[in-house]
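K.L.:
Working from the sequences, and respecting the hints, build out all of it.
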Amino acid sequence: MSTEAFDAVIVGSGASGGWVAMQLAEAGLRVAVLEAGRKLDPAVDFTEHKLAHDMPLRGQKQPPKAARREQEIQKLCYQCDEYAHHLFVKDTENPYTTAEGMPFAWIRGRHVGGKSVTWARQSYRLSDYDLKAASRDGFGMDWPIGYAELAPYYDRVESFIGVSGQAEGLPQLPDGRFLPPMELTCGERLLQRAIKDGFGRTLTIGRTAILTRALHGRPACHYCGPCSRGCATGSYYSSPASTLPAAERTGRLTLIPNAVVTHVEVDDAGRCRSVAYVDRLTRAPREAFGKIVVLCASALESTRIMLNSRSDRHPNGLANSSGALGRYLMDHVMGGGAKGTLPVLKGAPDSRANRPNGIYIPRFRNLEDRHPDFLRGYGYQGSARQEKWGHAFRLPGFGASFKNSVRERPWTISLGGFGECLPRFENYCELDPERVDAWGIPVLRFHVAFGDNERRMVKDMADCAEEMLRAAGAEDIERTEEMSLPGLAIHEVGTARMGDDPRTCVVNRWQQAHDVPNLFVMDGSVYPSSACQNPTLTIMALASRACDYLVDQLRRGAV
Amino acid sequence: MSPLDRREALRRLGRAGLGAASAPLWFESLAALAQEHAAHGAPPAPAADWAPKVLDAHQDEMVAALSELIIPETDTPGAKAVLVNRFVDAVLDDADEADRKSFLRGLEWMDARSRELFGDEFLKASPDQKTALLTILSSGKNTALEDQIGVEFFAAIKAMTIQGYYTTEVALRQELHLDGQLFHAEFRGCGHPEHGGAPAAPPRKAP
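As given, the protein sequences belong to chains A and B, one line each in that order. The opening position of the first sequence corresponds to residue 628 in this note's numbering, with each subsequent residue numbered one higher. The opening position of the second sequence corresponds to residue 392 in this note's numbering, with each subsequent residue numbered one higher.
Hints listed in this document are in silico derivations from the structure and should not be mistaken for laboratory results. Don't take every hint at face value.
What the hints assert, rightly or not - Pair ranges (Cβ atoms, derived):
{"id": "1", "chain 1": "B", "residue 1": "F574", "chain 2": "A", "residue 2": "R820", "range": "30 to 36 Å"}
{"id": "2", "chain 1": "A", "residue 1": "Y705", "chain 2": "B", "residue 2": "K444", "range": "26 to 32 Å"}
{"id": "3", "chain 1": "A", "residue 1": "R665", "chain 2": "B", "residue 2": "K444", "range": "27 to 33 Å"}
{"id": "4", "chain 1": "B", "residue 1": "A503", "chain 2": "A", "residue 2": "Y705", "range": "37 to 43 Å"}
{"id": "5", "chain 1": "A", "residue 1": "E1053", "chain 2": "B", "residue 2": "A503", "range": "54 to 60 Å"}
{"id": "6", "chain 1": "B", "residue 1": "S517", "chain 2": "A", "residue 2": "R665", "range": "20 to 26 Å"}
{"id": "7", "chain 1": "A", "residue 1": "D672", "chain 2": "B", "residue 2": "F574", "range": "18 to 24 Å"}
{"id": "8", "chain 1": "B", "residue 1": "N533", "chain 2": "A", "residue 2": "T724", "range": "41 to 47 Å"}
{"id": "9", "chain 1": "B", "residue 1": "F574", "chain 2": "A", "residue 2": "R665", "range": "52 to 58 Å"}
{"id": "10", "chain 1": "B", "residue 1": "S530", "chain 2": "A", "residue 2": "F766", "range": "51 to 57 Å"}
{"id": "11", "chain 1": "B", "residue 1": "S530", "chain 2": "A", "residue 2": "D824", "range": "39 to 45 Å"}
Think of the CB as a built atom: it goes at the ideal place given N, C-alpha and C, for glycine as much as any other residue.
P.N.:
This is the structure we're talking about:
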């Protein structure tokens, strides 16, 4: 292993790590990307074109027996199934602990591309309703930047990764640089009209990082459907299909897979000197030296690395003089929603193609009015489609009459909320003093629970979903209002929040550690508040903005 | 195993097969293979060397018979023709021990109940008798304590039969008349003015 110094050592190769690698390499920096997992082989690892009867268990909803025992937590994610369980970590190698009575689901993927390979691709901008929420309702802390500062970076990211969507002109969900939108189904049109007429609410097609036309050498989507199992054509944004190859083309990228980072080494001045890691395969200790260290390991892994980087200069963990590291952990709250059937559409045929996208109903709570029961808001995701045969599980009886009844394929419609989770100091993670992972690295211990605000929000999600479905003519409506397990939205953010005050925040408005000028954190850990939109697009826009600053500082010799 | 454990085990087993139900997006891709494979339509030729991993010969025969009762041959092939019994055996082989035991106990229960009611094991009952027993178990209103094992077993094998049947190429093409492809040039949404959609636009050119 060479001891040459890179200009920047980036930890993590997912959505943000890939972006950071590309932007820094294109700016002329020599970058190393450390990735804890292996390189995927699309020919073997991507299974989106496998059909159920190609699989021994016909695409069973859980991993096969042997893998199931190693993925007790991961299998809680609906995507961790017979087709794709290998895109999730083994919990037996990557354990964590939780405080008594505080279950937390930490869903992870360790391979080149990280969760950008399996993400749900929904891409929404935040607005000042989100970034300045504390000023509006008094809870928590504003983001140190506003929408106007972030907008150009959203433009930049969307233009490169490709986001299809429909402009709606809504202040709470700013429009982006969209590729042509995917189309709505009949049932979605009915709902769209009903909620516009009845409630003044907007339904728009999901804004998704899937190409509806070719972009930067990547072909358009071919509507096979199951993106979460990989994409042979790279038609949705994932770092291995887009940003990492772009970084590679500069000739300045060194991608190091199987590099399980343990901690950051600092010099006598307390500045980052190198990133220490263990070779996943040989277990040999290694080091990557860099002028700059950028953590993009995912919100909780980046925080874990900082917590595990204790030194004389940083006794409570790297960049933790504030004591805020690990604190204000958030995940979107789910569980409120409703589903039903649309008898009015009987006989209206669905498309044969598979739209890998749903609908979005942007936040309508606590914008200009004030809801009596809770702060902040939520957006709905969902869809309406004609069932194929899944409804057979719900039909009574057996025999020829049963078989015939399955041929009547009903239209079903569903909505599920994704709600903002308030940032609370008491929701936190720390290093477990006893437990280590397969590489001897201390694991995280979580103390996380949703509170009353989330609980009341989930009830409202169910109430409003029910009334909107009813307005659209839905029948057989079933409500759900059981709060999701924290972590299961896989939108975990916070724990190294950004802000101007070094006494309360880990990184500054440029995502540079207050305590360590050559340490940057460019993933979801910097979120001061969670908003209710899926976080990846914003994480990338923030990273792009921070990279501009980093490059500028480096040129000036300021870091 | 307590009755509650057993109920939970059967529920889980039924649900394990529910994958395609909750993820409809998988489904049409099935059609693709059907289109790619020229020899569609014919039930798969039974592999001569297949042997069940979990079920014994009697149990295997029962599963095949039950699956055919649930989804029989009509104007299209039924569950037996597409070898749902082999799928059930594979699921049982993969299942957790408690779930597998619950299922096998359910099969035993079916024979025992059949002997009580009809004087012989399930496979030897007449077609009408078999139908009568399944009707009791599938009514959705049967709360008789003596039938609970059977009610739960029936729900499990029905879910497995649905999963095993509709995930075959045969069911896809012949039963559902789906001939989707893995590759589509576009996704066409609602083009009906009465739903608020725009009138159908001419097809876009494939990229």
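K.L.:
Provide an ascending list of the numbers of those earlier hints which the structure does not satisfy.
P.N.:
Violated: hints 6 and 9.
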